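So the chains spell out like this:
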Amino acid sequence: MTLLLQYTLVFSSVLLLVALGGCFSEHSGIINIGLEGIMVVGALGGALAMRFLPASVGTFGIVSLSILSALILGSLYSLLLAVAAINFKADQTLVGTALNLLGVAASTVIVKAMNTSMDPNNVSSTIQYIAAKKAFLVNIRGFEFNWFMLLAVVALAIAYVLLYKTRFGLRLQACGEHPASADSVGISVAKMRYAGVLISGVLGGIGGLVYITAGVSEWKFENGVAGFGFLALAVMIFGQWKPLRIALAALIFGLFRALSNVYTGFDFLAALNVPSGIYNMLPYIVSLVVLALTSGKSRAPKAEGIPYDKGGR
Amino acid sequence: MKKKHQPLLRNSGFQALIASLFCILLGLLIGYIVLLFINPNGAWKAITTVVKNFLYYPRPNKQLQYLGDTMVKTAPLLMCSLSILFAYKVGLFNIGAAGQYVMGAGASLYCALAWHMPWYICLLAAIVAGAFWGSLSGLLKAYCNVNEVISCIMLNWIGLYLINILLTTVKEVASPYTLELAGYSPGSMLPNLGLNTLFNNSKYVTIAIPLSILMAVFIWILLSKTKFGFELRATGLNKEAARYCGMKEKYNIIITMAISGALAGMGAALLFLTGFEKWSCTQSSVPAMGFNGIAAGFLGGLHPIGAIFSSYFIQHITNGGAYVDKTMFSAQISDLISAIIIYLCAFVFFLKQFFTGVANHREEKRAGKTNEKMGGEKQ
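Line by line, the protein sequences give chains V and U. Numbering that gives the first Met the number 0 puts the first sequence at residues 0 to 312. Numbering that gives the first Met the number 0 puts the second sequence at residues 0 to 378.
Quick caveat, the hints were computed from the structure, so don't treat them as lab data. Please read all numbers here as calculations on a predicted model, not as lab measurements. Don't take every hint at face value.
Unchecked claim - Derived DSBU-like pairs (lysine-lysine); straight-line CA-CA distance at most 30 Å: (1) V/K88 with V/K301; (2) V/K296 with U/K247; (3) V/K309 with V/K241; (4) V/K219 with V/K164; (5) V/K190 with V/K88; (6) V/K88 with U/K238; (7) V/K296 with U/K249; (8) U/K351 with V/K301; (9) V/K309 with U/K351; (10) V/K88 with U/K364; (11) U/K351 with V/K88; (12) V/K219 with U/K325; (13) V/K164 with V/K309; (14) U/K277 with V/K219; (15) V/K296 with U/K238; (16) U/K238 with V/K309; (17) U/K224 with U/K351; (18) U/K238 with V/K241; (19) U/K277 with V/K301; (20) U/K325 with V/K309.
Please model the complete structure; the sequences and the hints are all you need to start from.
Next up, the structure:
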């Protein structure tokens, strides 16, 4: 049971962070389908930091520096989307898809090249970071507390305040709802959209790092993040683009994702003798059903996905 | 009446061709720069290996055989790119081609290995399975307003685990792979009609290759020459206007996703029924074929005939990636290059506008000159 709780909280943290990222991007008017790729690149940044930081920097050093590394790489990578979508008015779905493919391919190439250059016989796409990973975990009577759980809650609070209580947040939302009127009162739509995408890059990058520290073993970069970026988007839609509801949605989705990891620990579930594939499918099926039920009265930002054209005002 | 002369730069086909070539060249260049960063000594050799693919072999009959292999995998890729461009013309982004492809693979292999059905039934089963999977996204989009990209991704993963469970019943005992098609159900193999003799008697060259090209022509005719295709494209351009004209836009969305899914499903059958590949039942990621189809579709300028060439190109460099020096680089560098190409494809719209702008500018200049001339004559 503690194991279920632990996994639920970890996976919920991933989903919450990434979904909040998507939320900022969409409120500014840019659909970020590329969160999956951003997660992978952020994970790469975090993993490299964990691998190469000397143990002498201490626990706090490892935690903060690898988070910093993940968020820097994630936000740099999200610039690819921002430039294409804001300056070149490209199709946002296409760019996002490209980012997803590019993220996995580029990190695999980099990691494999790094591994083979250090040891010619090593062609795997994993980074050894198990030892450094312990810095993130605090064991409380069998329950592995992960610092990211706290980070996710902090991010939620900041996101809520930023989005609803600050001038920046309200301006950001205006650019996603009606960019022409925002522009007419002197708000730079392009700047706001850049900010939205960059925030999604920061949160997506951190989310990727949490994802790889959640697993028991080292993580293969060629596998990507198994659709987590998209699950996060589903969480965001289910949460109707509102941070608090997103948090609730993340908990529910996290629970189903955790079930597929630990169902063998429950006697009655193990006794059902259902193939493990069914449990693996569960989070995706749940999200489809939930989306089907909740998408009808969608509160999506009205101008999302539409490039803003000053001349069309 | 004489057809009005149109400058080449304004021709949308020409624009698309130049834009695609630009994407390819820039994609290869960026790929090369990445390789230089990784290992400057082997970079040039690696990138030429990727571009050469089967020409890597010195002997012509080997080259022919491996050209055949590349074509065998081009057929399913072409089908996936057709699937994506067909949906895109109707305003839908079918990122679920990968999942529909998985369903097609599962249905065709199960019919072949469990029930020993003849090849055309297996092919049909794959088409139906793909169409069903695609239409689910269409239904969700039409009636529940679910974004097709999200539902497609979810269905990709559901499909993958479903097919893993299904095909576990027909797998080899000692390995995670499905049974050998040639041994267990030779009647389910696609016929080759002697095509294999053209490719140094390659075992895997079958009617799949001409069949996929025929499908490309069929989709081209369907989209550009029929009333049905016109209606679908009209729905894609403006849903409200199409409804206003009495077109059933909900029905059109569902039927589009079904056709799109059928194409991807058929693509899987065209690969797996040749026996070229077996399904691994412990596979934990969705096959890349459907995603590469996005690259091929956009690189081909979203035109079915263009897709034939772009699919071949993408498969050509993907196969070429297998030959690079593994002590320095990994086979994924070709994935990297095709991902860069997809990213660059997003700029095609901008490039086309740029070309039109250049053409406009030239015309203005010319008009200005003739005006000057005329003015001069008057004086």
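Taking each numbered hint in turn, which are not upheld by the structure, reported in ascending numerical order?
4, 19, 20
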